[in-house]
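Q: Chain by chain, the residues run as shown.
2 protein chains.
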Amino acid sequence: MRFSRQMKTVEEALQELLARLQKLDEEQVELGEAYGRILAHDVIATCDMPPFDRSPLDGFAVKAADTVHAAVDQPVYLRVVETVAAGQVPRIPVDPGCATRIMTGAMMPAGADAVIMFEQTENPGVHSEVVGIKRALRPGENLSRRGEEIAQGTVVAHAGERVNAGTIAVLATFGYSQVSVIRKPRVGLLSTGIELVAVDEPLAPGKIRNSNTAMLAALITEAGGIPVLFPVLPDELAEAKQKMTGYVREVDLLISSGGVSVGDYDVIASLADEPEVTLLFNRIAMRPGSPTTGLLMSGKPVLALSGNPGACFVGYELFARPALQCLAGKKQVSLEPIKAQLGSPYEKPCPHPRYLRGRLLQKDGVLIAQPDFNDKAGNLGTLKNSECLIVIPAGGRGKQAGELVDVIVHAQPSWREEV
Amino acid sequence: MRFSRQMKTVEEALQELLARLQKLDEEQVELGEAYGRILAHDVIATCDMPPFDRSPLDGFAVKAADTVHAAVDQPVYLRVVETVAAGQVPRIPVDPGCATRIMTGAMMPAGADAVIMFEQTENPGVHSEVVGIKRALRPGENLSRRGEEIAQGTVVAHAGERVNAGTIAVLATFGYSQVSVIRKPRVGLLSTGIELVAVDEPLAPGKIRNSNTAMLAALITEAGGIPVLFPVLPDELAEAKQKMTGYVREVDLLISSGGVSVGDYDVIASLADEPEVTLLFNRIAMRPGSPTTGLLMSGKPVLALSGNPGACFVGYELFARPALQCLAGKKQVSLEPIKAQLGSPYEKPCPHPRYLRGRLLQKDGVLIAQPDFNDKAGNLGTLKNSECLIVIPAGGRGKQAGELVDVIVHAQPSWREEV
Numbered sequence: 002m003r004f005s006r007q008m009k010t011v012e013e014a015l016q017e018l019l020a021r022l023q024k025l026d027e028e029q030v031e032l033g034e035a036y037g038r039i040l041a042h043d044v045i046a047t048c049d050m051p052p053f054d055r056s057p058l059d060g061f062a063v064k065a066a067d068t069v070h071a072a073v074d075q076p077v078y079l080r081v082v083e084t085v086a087a088g089q090v091p092r093i094p095v096d097p098g099c100a101t102r103i104m105t106g107a108m109m110p111a112g113a114d115a116v117i118m119f120e121q122t123e124n125p126g127v128h129s130e131v132v133g134i135k136r137a138l139r140p141g142e143n144l145s146r147r148g149e150e151i152a153q154g155t156v157v158a159h160a161g162e163r164v165n166a167g168t169i170a171v172l173a174t175f176g177y178s179q180v181s182v183i184r185k186p187r188v189g190l191l192s193t194g195i196e197l198v199a200v201d202e203p204l205a206p207g208k209i210r211n212s213n214t215a216m217l218a219a220l221i222t223e224a225g226g227i228p229v230l231f232p233v234l235p236d237e238l239a240e241a242k243q244k245m246t247g248y249v250r251e252v253d254l255l256i257s258s259g260g261v262s263v264g265d266y267d268v269i270a271s272l273a274d275e276p277e278v279t280l281l282f283n284r285i286a287m288r289p290g291s292p293t294t295g296l297l298m299s300g301k302p303v304l305a306l307s308g309n310p311g312a313c314f315v316g317y318e319l320f321a322r323p324a325l326q327c328l329a330g331k332k333q334v335s336l337e338p339i340k341a342q343l344g345s346p347y348e349k350p351c352p353h354p355r356y357l358r359g360r361l362l363q364k365d366g367v368l369i370a371q372p373d374f375n376d377k378a379g380n381l382g383t384l385k386n387s388e389c390l391i392v393i394p395a396g397g398r399g400k401q402a403g404e405l406v407d408v409i410v411h412a413q414p415s416w417r418e419e420v
Numbered sequence: 002m003r004f005s006r007q008m009k010t011v012e013e014a015l016q017e018l019l020a021r022l023q024k025l026d027e028e029q030v031e032l033g034e035a036y037g038r039i040l041a042h043d044v045i046a047t048c049d050m051p052p053f054d055r056s057p058l059d060g061f062a063v064k065a066a067d068t069v070h071a072a073v074d075q076p077v078y079l080r081v082v083e084t085v086a087a088g089q090v091p092r093i094p095v096d097p098g099c100a101t102r103i104m105t106g107a108m109m110p111a112g113a114d115a116v117i118m119f120e121q122t123e124n125p126g127v128h129s130e131v132v133g134i135k136r137a138l139r140p141g142e143n144l145s146r147r148g149e150e151i152a153q154g155t156v157v158a159h160a161g162e163r164v165n166a167g168t169i170a171v172l173a174t175f176g177y178s179q180v181s182v183i184r185k186p187r188v189g190l191l192s193t194g195i196e197l198v199a200v201d202e203p204l205a206p207g208k209i210r211n212s213n214t215a216m217l218a219a220l221i222t223e224a225g226g227i228p229v230l231f232p233v234l235p236d237e238l239a240e241a242k243q244k245m246t247g248y249v250r251e252v253d254l255l256i257s258s259g260g261v262s263v264g265d266y267d268v269i270a271s272l273a274d275e276p277e278v279t280l281l282f283n284r285i286a287m288r289p290g291s292p293t294t295g296l297l298m299s300g301k302p303v304l305a306l307s308g309n310p311g312a313c314f315v316g317y318e319l320f321a322r323p324a325l326q327c328l329a330g331k332k333q334v335s336l337e338p339i340k341a342q343l344g345s346p347y348e349k350p351c352p353h354p355r356y357l358r359g360r361l362l363q364k365d366g367v368l369i370a371q372p373d374f375n376d377k378a379g380n381l382g383t384l385k386n387s388e389c390l391i392v393i394p395a396g397g398r399g400k401q402a403g404e405l406v407d408v409i410v411h412a413q414p415s416w417r418e419e420v
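Sequences listed follow chains X and A, in order. Residue numbers are given in our numbering: position 31 of the first sequence equals residue 32, and the series is strictly consecutive. Residue numbers are given in our numbering: position 42 of the second sequence equals residue 43, and the series is strictly consecutive.
Since the hints were made in silico from the structure, they are not lab data. All values reported here derive from a predicted model rather than from experimental measurement. It is possible that some hints are incorrect.
One copy or two, either will do: identical chains are not told apart, so a pair holds if it fits within one copy or between any two.
Unchecked claim - Calculated pairs, DSBU-like style, for lysine-lysine (alpha carbon to alpha carbon, straight line, at most 30 Å): (1) Lys364 / Lys332; (2) Lys349 / Lys64; (3) Lys24 / Lys331; (4) Lys364 / Lys349; (5) Lys364 / Lys340; (6) Lys301 / Lys9; (7) Lys135 / Lys364; (8) Lys301 / Lys331; (9) Lys331 / Lys364; (10) Lys135 / Lys9; (11) Lys349 / Lys135; (12) Lys24 / Lys301; (13) Lys244 / Lys9.
Take these sequences, add in the hints, and give me the full structure.
A: In structure tokens:
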């Protein structure tokens with residue numbers, strides 16, 4: 002199989018992988034732990050919001066009819082019958098000729114149908130038994146009606162949504178001190194290759210430090226997963242197969258890096274030929290990372306990324322990120338490219354689409370995608386600057402600066418200006 | 002002071018606050034804990050990268066001069082003297098007429114100056130003592146030179162940078178198992194107002210649940226801070242002052258919500274008049290959130306946000322987010338607006354700039370900022386959809402659809418299509 006692999010497009014390979022993944026179970030968490038999690042169910046408003054008619058400002062609740070003739074130089078004087086703070090329940094109705102001193106968020110007294118702010122009354126800094134109203138009000142003016150923003154029973158957040166700070170505000174308001182969320186996916190991580198030494202080990206000749214596992218663990222954590230770290234895989238096929246068969250049982254998805262190409266010791270590539278293993282894909286029409294491999298072992302999906310850091314990163318963004326969204330129950334997972342103008346020409350010929358790391362800039366409201374030219378598969382110094390993958394279609398001509406290209410965004414753009 | 006406040010612009014108020022904040026101390030963390038933290042120092046490459054001349058692919062290391070006459074139909078045959086896996090040190094130099102079978106990432110043998118990939122040799126799947134080279138190579142072709150990406154001593158990440166997965170890869174590669182990062186800021190949180198009940202309490206008439214504290218705690222965690230939750234502040238001035246004087250000692254920044262306006266029980270507003278308290282600002286030319294207040298208590302900065310959830314959110318984004326960046330040691334903190342086309346007309350007259358929550362969309366490479374029209378200060382149902390603040394300048398005419406507006410982005414755009 003090693004030199005006669007069947008080629009698939011990125012989209013075909015991704016669908017092969019996603020078809021093997023299922024939404025995970027749900028679990029209950031405290032509201033304070035819900036940030037970043039995925040909602041398992043729609044969230045319903047448990048009451049109207051606001052829950053009662055209330056004042057949106059500090060002032061006086063009045064009958065609008067009493068203020069018809071009020072003006073700056075001709076105030077209408079009303080008798081103040083009560084002061085109501087937010088959280089208090091008014092006791093005295095507002096009769097004609099009367100007003101209630103009322104604070105922001107306080108419940109409206111019966112009989113009042115409008116609120117005038119302190120600043121539009123006489124001597125706003127002085128407490129008095131009479132207030133001079135300096136402006137006419139319309140009925141309903143400065144009044145927040147019960148349920149005007151959200152009616153009880155409304156769906157205020159949907160299953161599959163990621164909980165952010167605004168979601169937390171909604172959940173808190175409606176009394177959800179516990180939240181049903183999708184369980185965090187357990188993602189196994191392993192590397193292959195005897196050239197790898199641990200981060201805290203000294204470099205020996207011919208060796209490099211294992212940077213992929215640390216990088217992938219960070220990416221998985223960022224995506225809401227739990228990285229489960231396994232030892233470096235042995236090069237020997239039978240032993241590797243036995244280890245991996247054990248590992249997949251412990252996780253929802255196993256991600257490896259290295260060993261996917263045509264080298265003599267590329268153990269993942271050998272694994273694809275084993276009878277107990279189902280091959281999903283091992284040759285993708287893309288640069289970098291064309292030997293990125295998908296397998297099923299004991300029914301569990303294995304995503305085998307290139308060992309080259311640059312290709313490993315791109316493979317993660319194209320396959321692992323959507324896979325984690327799929328496990329989290331997101332509907333219709335796809336790469337969803339947006340359009341941007343290419344910031345610099347990219348003319349390197351390539352028989353397959355290139356997925357270039359880059360940055361998203363903007364100039365006068367126009368999106369500009371600036372490729373990173375430090376794009377050799379083995380390089381890693383500029384992975385930290387990547388905000389998107391810029392898709393350069395197959396063919397010898399590439400794309401000129403200013404042409405629209407597809408861009409798959411994976412990080413908050415920095416909108417940096419430098420090109 | 003309550004009804005005679007001095008107005009400042011958002012930028013003036015922000016600078017008043019930032020001038021009181023200092024970069025926090027550093028601490029050492031394990032690499033696995035460094036994600037999301039801010040680097041305290043520049044990070045230096047501890048070796049060349051690659052650390053040795055190596056092969057970027059699986060194939061044969063050769064002398065290019067030996068391949069000058071090679072062609073698909075006229076292979077040049079070389080004697081295979083050794084196989085070198087990644088991680089091994091070659092023992093045998095490549096003499097004229099010889100080749101070394103070499104794997105991706107493996108150290109180049111002495112004497113070789115180019116690598117041909119398996120696929121460009123005869124019978125690539127077969128191991129043999131002789132290899133047929135089917136293409137002429139240039140000296141240096143398919144060879145990654147020691148230090149070609151990064152020279153030892155290069156600064157590979159800068160003090161003040163946020164550590165992302167790519168930074169982790171660089172740190173791992175250069176052996177940084179411990180990283181110096183800026184200490185996480187401790188941010189105190191408190192609410193004011195007797196109308197507030199806890200999330201797990203039942204609603205009584207006139208009461209609402211405290212959603213701001215939970216929301217702000219999530220925002221602070223997201224920004225890399227540690228939220229420190231204090232009880233709801235009493236309305237009584239002397240007691241409130243005493244409590245807050247204690248609270249500020251425990252934190253780097255204290256954030257409150259509510260009590261900043263002109264209401265009778267607005268205790269933060271009263272605090273601004275106390276002799277031990279230094280007022281930085283308490284009236285800002287902005288909607289919503291104009292009474293957003295900055296104070297110094299015992300030399301510690303206090304940011305007092307509006308109690309209205311919408312105004313609280315906007316105040317956090319305009320003032321607290323930059324304040325946290327400042328504590329983290331980010332240089333030249335500012336709001337850094339970008340430009341986008343306004344997606345829908347916004348014509349509500351306003352004497353001050355409006356900061357509208359909204360979404361960032363794109364169409365054919367053009368950025369579109371779509372305002373959220375659920376923008377009453379007291380509303381909270383759509384805070385979760387906010388990706389940016391759209392700045393509508395002061396004045397009665399607003400902005401028309403398609404006009405360029407300033408946009409302050411605070412979340413990863415979803416690039417949703419719906420308008």
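Q: Looking at the structure, which of the earlier hints fail to hold?
A: Those not satisfied come down to hint 7.
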